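Colleague: All chains, full assembly: derive it from the sequences and hints.
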Amino acid sequence: MGRVYKAESRHEAVSLALSSGLSRENDMRVVRARRFQVTINSTHSHALEPNLLGQEDFSATTVNQKGTADITYILTREG
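Here the sequence shown is numbered in this note's numbering, starting from 1 and rising by one per residue.
The set of hints was computed from the structure by calculation and includes no laboratory data. As the structure is a prediction and not an experimental result, all values here were calculated from the model. Note that beta-carbon positions come from the ideal geometry of N, C-alpha and C, so glycine has one too. Don't take each hint at face value.
Stated by the list, open to error - Here are the simulated distance ranges between beta carbons:
no., residue 1, residue 2, range
1, A60, F36, 50 to 60 Å
2, L18, H44, 21 to 31 Å
3, I40, T68, 32 to 42 Å
4, Y73, T43, 13 to 23 Å
5, H46, T68, 15 to 25 Å
6, F36, Q65, 29 to 39 Å
7, M28, T68, 15 to 25 Å
Modeller: Set out below in structure tokens:
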């Protein structure tokens with residue numbers, strides 16, 4: 001005898017085989033959440049540098065004198 005699961009929408013008990021068949025017919029797949037991967041080592045012994053651009057006056061006297069960057073990691077299928 002197979003396992004019996006409860007269908008949420010109709011509140012009917014269905015077998016694992018029926019549930020699998022319905023999922024396959026409707027092209028439904030299980031997407032499992034990945035575990036969060038730490039990418040930054042915040043326990044290093046390097047000295048922290050002062051934020052020189054965090055001052056109130058952000059103006060520059062010439063072009064390309066100051067700049068910023070964003071290193072946000074975006075998860076893609078390619079990795």
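Colleague: Work down the list of hints and note, for each, if the structure agrees.
Modeller: Each hint tested on the structure:
Our hint of 50 to 60 Å for A60 and F36 is violated, since their Cβ atoms are close to 38 Å apart. Judged by the Cβ atoms, the range 21 to 31 Å given for L18 and H44 is violated: they are separated by roughly 54 Å. Here the CB-CB span from I40 to T68 is close to 18 Å, at odds with the stated 32 to 42 Å. At about 19 Å, the beta-carbon gap between Y73 and T43 stays in the expected band of 13 to 23 Å.
The hinted window of 15 to 25 Å between H46 and T68 holds, with their beta carbons roughly 21 Å apart. Checking the proposed 29 to 39 Å range against F36 and Q65 shows it holds: the Cβ atoms sit about 38 Å from each other. Taking the beta carbon of each, M28 and T68 are about 43 Å apart, not inside 15 to 25 Å as hinted.
The structure fails hints 1, 2, 3, 7 (numbered hints given earlier, in ascending order).
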